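Keeping their order, the protein sequence lines are chains A and B.
So that you can map any letter, position 35 of the first sequence is 35 in the numbering used here, and since no number is skipped, the others follow by simple counting.
So that you can map any letter, position 67 of the second sequence is 67 in the numbering used here, and since no number is skipped, the others follow by simple counting.
Simulated from the structure, these hints should not be mistaken for lab results.
Among these hints, one or two may not hold up.
Label-pair restraints from in silico Cβ distances [unchecked claim]:
1) A:52 <-> B:32: 44 to 52 Å
2) A:34 <-> B:24: 18 to 26 Å
3) A:5 <-> B:394: 43 to 51 Å
4) A:28 <-> B:469: 49 to 57 Å
Residues of chain A clear of chain B, computed beta-carbon distances all greater than 10 Å [what the hints assert, rightly or not]:
5) 4
6) 9
7) 18
8) 20
9) 41
10) 44
11) 52
12) 57
13) 75
The model shown is predicted, which means the values in this text are computed figures rather than measured ones.
Yeah, the Cβ is synthetic: ideal placement off N, Cα and C, and Gly gets one too.
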Amino acid sequence: MTPDEAREMISAALLTVAPDAELGDVAPDADLREELDLDSIDFQAYAAELSRRSGLPVSEDDQRGLTTLAAGVEFLTRARVRP
Amino acid sequence: MAEFTMPSLGADMDEGTVIEWLVKPGDTVARGDVVAVVDTAKAAVDVECFDSGVIEDILVQPGVTVPVGTPLAVIGSEDGAKPKPVSQPKPQPAAVPVSQPEPAAVPVSQPEPAAVPVSQPEPAAVPVSQPEPAIVPKPKPQPAAVPAPQPERAPVPVPAPAPPPPSPRPRPPVVGPLVRKLSAELGVDLTTLHGTGRGGAITRADVQRAARPAPAGRGKVTPYARRLAKELGVDLTRITASASDGIVRAGDVRTSKPAPVTPEPSPVTPVADKARAMREATAKLMARSKREIPHYYLSTTIDMSAAMARLAELNRDLPVERRVLPIALVLRACARAAAKVPQLNGLWTDEHFEPGAGVHLGMAVSLRGGGLIVPVIADATELGPVELMDRVRDLVTRARGGRLRGSELTGATITVTNLGDRGVESVFGVIYPPQVALVGVGKVLDRPWAVGGLLGVRPVVTVTLSADHRATDGHTGARFLEIVQKLLSRPEEL
Chain A
1 MTPDEAREMI SAALLTVAPD AELGDVAPDA DLREELDLDS IDFQAYAAEL
51 SRRSGLPVSE DDQRGLTTLA AGVEFLTRAR VRP
Chain B
1 MAEFTMPSLG ADMDEGTVIE WLVKPGDTVA RGDVVAVVDT AKAAVDVECF
51 DSGVIEDILV QPGVTVPVGT PLAVIGSEDG AKPKPVSQPK PQPAAVPVSQ
101 PEPAAVPVSQ PEPAAVPVSQ PEPAAVPVSQ PEPAIVPKPK PQPAAVPAPQ
151 PERAPVPVPA PAPPPPSPRP RPPVVGPLVR KLSAELGVDL TTLHGTGRGG
201 AITRADVQRA ARPAPAGRGK VTPYARRLAK ELGVDLTRIT ASASDGIVRA
251 GDVRTSKPAP VTPEPSPVTP VADKARAMRE ATAKLMARSK REIPHYYLST
301 TIDMSAAMAR LAELNRDLPV ERRVLPIALV LRACARAAAK VPQLNGLWTD
351 EHFEPGAGVH LGMAVSLRGG GLIVPVIADA TELGPVELMD RVRDLVTRAR
401 GGRLRGSELT GATITVTNLG DRGVESVFGV IYPPQVALVG VGKVLDRPWA
451 VGGLLGVRPV VTVTLSADHR ATDGHTGARF LEIVQKLLSR PEEL
């Protein structure tokens with residue numbers, strides 16, 4: 001997955017949780033939970049949505065590491081291409 | 001025969017708007033079926049009926065706001081029995097919502113304008129604050145039909161409720177004494193009216209409608225006037241023709257003032273009004289809480305390391321969308337503690353405490369864009385941690401994005417508010433009347449912690465209790481927090 005594709009997937013996943021989110025204003029290393037006012041249930045839903053869209057399992061540790069846009073892109077792009 | 005009334009979906013609700021009917025006259029319904037969607041100050045809610053039978057009549061049309069307790073529909077018995085003759089005196093519908101704690105609960109008849117936000121300024125007579133109660137349940141058949149706020153939205157005349165089951169013989173119009181009096185005052189000939197009430201009864205609204213000259217918006221408007229009105233944002237229904245033929249012309253449009261925020265004939269309240277209505281509902285209830293309830297507050301900080309270890313174990317085999325969050329264990333501990341300290345689990349009504357049957361945990365959920373809604377986890381002690389988490393997730397998700405059922409907003413015996421996600425260490429909440437206790441949960445934080453004479457770093461959470469001093473003393477509250485702490489330190493029991 002290219003970084004652009006990753007960003008697109010992240011945006012789509014975030015919009016399912018926070019339909020009113022203005023992602024253009026969010027810095028790559030800002031905490032999404034603060035920027036978009038997500039609570040732990042929202043954040044879990046975001047991680048689940050990302051997992052569903054990418055087909056990648058998201059462990060609890062992975063989930064903790066998804067708090068910024070940059071980390072999300074990193075998580076999605078470093079994954080091996082699925083068969 | 002039963003009446004389906006506007007339910008009270010929380011102590012902060014005193015009126016609601018029917019947005020949509022999901023049934024029509026003639027439909028068979030069973031207890032628990034969702035029959036209508038009702039908009040409260042906070043959310044659109046799927047409302048279930050509490051009787052089984054056949055819908056005989058719909059009394060309140062979509063878009064109309066009525067006080068809690070107002071009959072919305074008539075449900076007949078399943079054997080298809082016809083409604084009793086309308087002229088027969090029927091039991092008085094409760095004018096004061098029974099399920100609501102506050103006695104002064106008929107907002108439509110109250111003088112403050114704020115209490116009737118949805119009703120439009122009425123051009124015609126009949127002051128809203130007439131001395132007679134807004135719901136006219138008195139002796140007669142006149143269906144307690146939505147008096148004051150009956151919207152005078154001419155272009156969409158409130159459609160007459162579907163006619164009652166076809167009756168072989170025409171019946172004389174049924175008229176209650178109050179309606180008769182009104183018709184006399186307004187000079188309306190009752191024999192010319194078509195009653196839209198139950199069994200063809202003539203309602204106040206019918207009389208009022210007849211007393212008003214036919215609104216122009218309904219038809220007699222010149223095309224140019226219509227276009228001009230659209231351009232200027234003028235509500236045609238508010239314009240009276242100056243010419244004697246009753247046709248509204250462009251001049252009439254120009255001389256009329258722009259309509260004050262023309263309410264679209266849409267039952268959905270605009271966002272800004274919604275936010276305000278929600279603020280008002282919360283303001284009213286919280287002010288009442290602080291006015292009436294002598295709160296006392298307790299706080300304790302709990303070592304969560306055992307609970308967090310238990311969570312990791314639970315979550316190892318769960319997919320991300322079902323993982324259990326720390327709050328679920330805290331909620332479960334609170335529910336079990338409430339069962340063990342029943343003095344904190346229930347309602348304060350009529351100057352005494354009424355213990356709850358089962359622990360029904362209210363859970364304060366903040367909505368995106370502001371406001372609070374408190375769905376209820378019924379029988380919370382019966383759920384294991386994973387099921388409880390599923391329930392919490394479902395309720396929170398629907399509270400924010402989907403729709404809750406009426407039964408999911410009522411019956412809480414104790415409430416928990418969780419501000420941990422916002423990073424605060426502790427929250428001392430305001431009790432949700434008529435409950436007597438509110439538990440506040442802060443963030444799970446790593447903190448220096450002394451264990452067995454040594455200092456270590458542990459995940460800790462501060463749990464607080466706000467409780468009603470009329471119902472309990474601090475000693476009882478302390479016992480509750482102690483049990484919560486014990487349960488969280490032995491999470492294998494949770």
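Classify the label on residue 52 of chain A as holds or violated, using whether its beta-carbon is more than 10 Å from each beta-carbon of chain B.
-> 8 Å, violated
So does residue 5 of chain A sit 43 to 51 Å from residue 394 of chain B, Cβ to Cβ?
-> About 31 Å separates the Cβ atoms of residue 5 of chain A and residue 394 of chain B, which means 43 to 51 Å is violated.
Say whether it holds or is violated: residue 4 of chain A keeps its Cβ farther than 10 Å from all Cβ of chain B.
-> 24 Å, holds
Assertion that residue 9 of chain A lies outside the chain B interface [Cβ separation over 10 Å] | Given a closest Cβ separation of 15 Å, the condition holds.
Assertion that residue 20 of chain A lies outside the chain B interface [Cβ separation over 10 Å] | 6 Å, violated
Starting from the range 44 to 52 Å, see whether the pair residue 52 of chain A and residue 32 of chain B falls in it by beta-carbon distance.
-> With a Cβ separation near 32 Å, residue 52 of chain A and residue 32 of chain B fall outside 44 to 52 Å, so the hint is violated.
Against chain B, does residue 75 of chain A keep a CB gap of more than 10 Å to every residue?
-> It holds; residue 75 of chain A is separated from chain B by about 13 Å at its closest Cβ, greater than 10 Å.
Just double-check residue 57 of chain A for me: nearest Cβ-Cβ distance to chain B has to come out over 10 Å.
-> About 8 Å separates residue 57 of chain A from the closest Cβ of chain B, which leaves it inside 10 Å; violated.
With 18 to 26 Å as the target window, see if residue 34 of chain A and residue 24 of chain B comply at their CB atoms.
-> For residue 24 of chain B against residue 34 of chain A, whose Cβ atoms are near 48 Å apart, the range 18 to 26 Å is violated.
No chain B beta carbon within 10 Å of residue 41 of chain A's = Since the minimum Cβ distance to chain B is about 5 Å, residue 41 of chain A lies within 10 Å and the statement is violated.
Beyond 10 Å from every Cβ of chain B: is that where the Cβ of residue 44 of chain A lies?
-> About 6 Å separates residue 44 of chain A from the closest Cβ of chain B, which leaves it inside 10 Å; violated.
Residue 18 of chain A and chain B, when compared Cβ to Cβ, separated by more than 10 Å = 7 Å, violated
When held up to the earlier numbered hints, the structure conflicts with 1, 2, 3, 7, 8, 9, 10, 11, 12 and fits the remainder.
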